[in-house]
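Chemist: Please model the entire structure based on the sequences and the hints provided.
2 protein chains.
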Amino acid sequence: MEFFYSEKNGWNKWLKSIASKKYSSCFVLVDQNTAKHCLPYFKKQVDFPFTLITVAGGEASKNLKTCTVIWEALLKGGADRHSLLIILGGGVLTDMGAFAAATFQRGIQFTVVPTSLMAMTDAAIGGKTGVNFGPIKNQIGTFTQAESLLLDTRFLNTLPLLELHSGFAELLKHGILKGGTYWKQLASLSTPTIPYLEKLLPVSISYKQHIVDADAKESGLRKVLNFGHTIGHAIESLHLAKRKPITHGAAVLQGMWVEIVLSVAHAGLKPEIANQLFEVLERFTKIPTYTEKEISLLLSYLQHDKKNNSGNCQFVLLEAIGKPVFNQVVALDHIAHALRIC
Amino acid sequence: MEFFYSEKNGWNKWLKSIASKKYSSCFVLVDQNTAKHCLPYFKKQVDFPFTLITVAGGEASKNLKTCTVIWEALLKGGADRHSLLIILGGGVLTDMGAFAAATFQRGIQFTVVPTSLMAMTDAAIGGKTGVNFGPIKNQIGTFTQAESLLLDTRFLNTLPLLELHSGFAELLKHGILKGGTYWKQLASLSTPTIPYLEKLLPVSISYKQHIVDADAKESGLRKVLNFGHTIGHAIESLHLAKRKPITHGAAVLQGMWVEIVLSVAHAGLKPEIANQLFEVLERFTKIPTYTEKEISLLLSYLQHDKKNNSGNCQFVLLEAIGKPVFNQVVALDHIAHALRIC
Chain A
7 MEFFYSEKNG
17 WNKWLKSIAS
27 KKYSSCFVLV
37 DQNTAKHCLP
47 YFKKQVDFPF
57 TLITVAGGEA
67 SKNLKTCTVI
77 WEALLKGGAD
87 RHSLLIILGG
97 GVLTDMGAFA
107 AATFQRGIQF
117 TVVPTSLMAM
127 TDAAIGGKTG
137 VNFGPIKNQI
147 GTFTQAESLL
157 LDTRFLNTLP
167 LLELHSGFAE
177 LLKHGILKGG
187 TYWKQLASLS
197 TPTIPYLEKL
207 LPVSISYKQH
217 IVDADAKESG
227 LRKVLNFGHT
237 IGHAIESLHL
247 AKRKPITHGA
257 AVLQGMWVEI
267 VLSVAHAGLK
277 PEIANQLFEV
287 LERFTKIPTY
297 TEKEISLLLS
307 YLQHDKKNNS
317 GNCQFVLLEA
327 IGKPVFNQVV
337 ALDHIAHALR
347 IC
Chain B
7 MEFFYSEKNG
17 WNKWLKSIAS
27 KKYSSCFVLV
37 DQNTAKHCLP
47 YFKKQVDFPF
57 TLITVAGGEA
67 SKNLKTCTVI
77 WEALLKGGAD
87 RHSLLIILGG
97 GVLTDMGAFA
107 AATFQRGIQF
117 TVVPTSLMAM
127 TDAAIGGKTG
137 VNFGPIKNQI
147 GTFTQAESLL
157 LDTRFLNTLP
167 LLELHSGFAE
177 LLKHGILKGG
187 TYWKQLASLS
197 TPTIPYLEKL
207 LPVSISYKQH
217 IVDADAKESG
227 LRKVLNFGHT
237 IGHAIESLHL
247 AKRKPITHGA
257 AVLQGMWVEI
267 VLSVAHAGLK
277 PEIANQLFEV
287 LERFTKIPTY
297 TEKEISLLLS
307 YLQHDKKNNS
317 GNCQFVLLEA
327 IGKPVFNQVV
337 ALDHIAHALR
347 IC
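Protein chains in written order, with the working numbering: chain A, 7 to 348; chain B, 7 to 348.
Think of the hints as simulated: they come from the structure by calculation, not from any bench. All the pointers check out, no bait thrown in.
Any copy will do: because identical chains look the same in the list, a pair fits if it lies in one copy or spans two.
Simulated crosslink set (SDA-like; lysine to any residue; CA at most 20 Å straight-line):
| hint | residue 1 | residue 2 |
| --- | --- | --- |
| 1 | K223 | R87 |
| 2 | K82 | P141 |
| 3 | K250 | P166 |
| 4 | K248 | S302 |
| 5 | K42 | P166 |
| 6 | K329 | E278 |
| 7 | K223 | G113 |
| 8 | K223 | E153 |
Since we're looking at a predicted model, the values are computed, not measured.
Modeler: This is how it looks when you write it as structure tokens:
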């Protein structure tokens, strides 16, 4: 996967790379939001003809029905195996568009232009494609790497603060996992500003890509990137079922919170370190609290988690900052306990 | 991909191989036909517990809706990333089941027990997974290799003659492409009998696997295996749209016929060799004839073919028996002409 950075003449290099591949046709996938906020700027940068595909945005549209709309549009536009799909959007669209491309005629090439911080730091890197299946997140998907990624932080200017905070959760996660200077830089931030993010993003991207290169299909090391996500995905499913979706990042922040509680009980994380972590997380999320009914729903979602093995819920826990451990089985009653005492 | 042959203690070795992988759970996918005709024998061979998934059979069921039934059954049965899907069926089921497995939780392992000659010689080998999308064949899919294949020709005893002939089309195709002794053996056959097929199948399987190993994603050499399939798939689409489906093999036999006509006009195949080929094909198919309306529909399906490049229809043509050439562009009016003069 090739990376192009706008501040390093990225648009030009990206356009040249696309031209050199001699695709038979190009398609640009947007959702209603990026059609409005990002497409006008995108159009000014590109110099080739393309067919536009517009779909509904948001987590609730991340399903096979929307993929069907994409596949139909590709067919109608005469796409063949040598066509290119350019995905201009946030994490929901990059996951779903990548899945649609990966399975259309057994796979066409695609390139990603992420427009949200979440997609820039996480979703668009690493080849995880997918859609939700009923209330269960990313249940149907593939591991398929994009041809390339173009990073332009100017798209962040159009992003609501809520979404900026959402994406920042993944940067915080990378900081906690990587530790050292990177964590210190992040821990000192009270508000993520775009000039600051421009400096942090390349560190996050190269940290993630380094791990993906070592273990693309998540059979070992890559699992550490799921820190905060086992509980986080269950929290997202809970909100999706209630028809009150929250951002992925908000769910991951709460997920990391609960998994830090679990780390103290099950991985020897020192309570004072946990408190340091809570102090930083508290700047970006509320302390999570759950009713007994919610806890029982969360546990049922956890039992369907893709990362389970033989029905056991597996977590990434922290022994220390910068020292994650994966494949940590925690019993359901201990998880319930952690959800109660947050 | 590992191959197990029943006459070489295959069931035992296959069972041992499955046991050694320590899957968290096993699922067996059948359709209504294989549930009735193949499952009783299968059950006698296996020694482990499994959850049965039964779906409708036939080409008309090869779609995302049926995949949804499979995914729901996997979820309900508690499948996780370490589960195994065993597909007991013909080509439709092995294609679709493999796609369902390849995309469930971004891919679970699957093993194939083909029950039709078509699946034994072609569909179950080579990692092409997929479902139809509307009337267009295999439009949505992936390239994903099965973990293993178990070949037991006893399943052929339960197969209607029509299906046996259908599968034999792929053996004939392999013979035409490979040429030499293998073609001579096939050309001398008037009726494929099971003891004879038992001898031919390993040759066909190893010929196909050899080509797939050299070019898994069909960027070059593997394209030769599409001989007869460009026209053949359009013929299948035509029949599917008319709600009078024909077997894949019957379509491929007609497809090879038309593509031999094209080979004489565009690849220098000698007319006397074409006549030798027609003489063999005639034992298993009628001489194809099409109305003008059908020809215009066939041409429209051809324009959606996955193998196209920049809207051009590409064919595998024959310079001689054993000498296929791929990426041969033929203009639509020449294709129409060939369809008229068959």
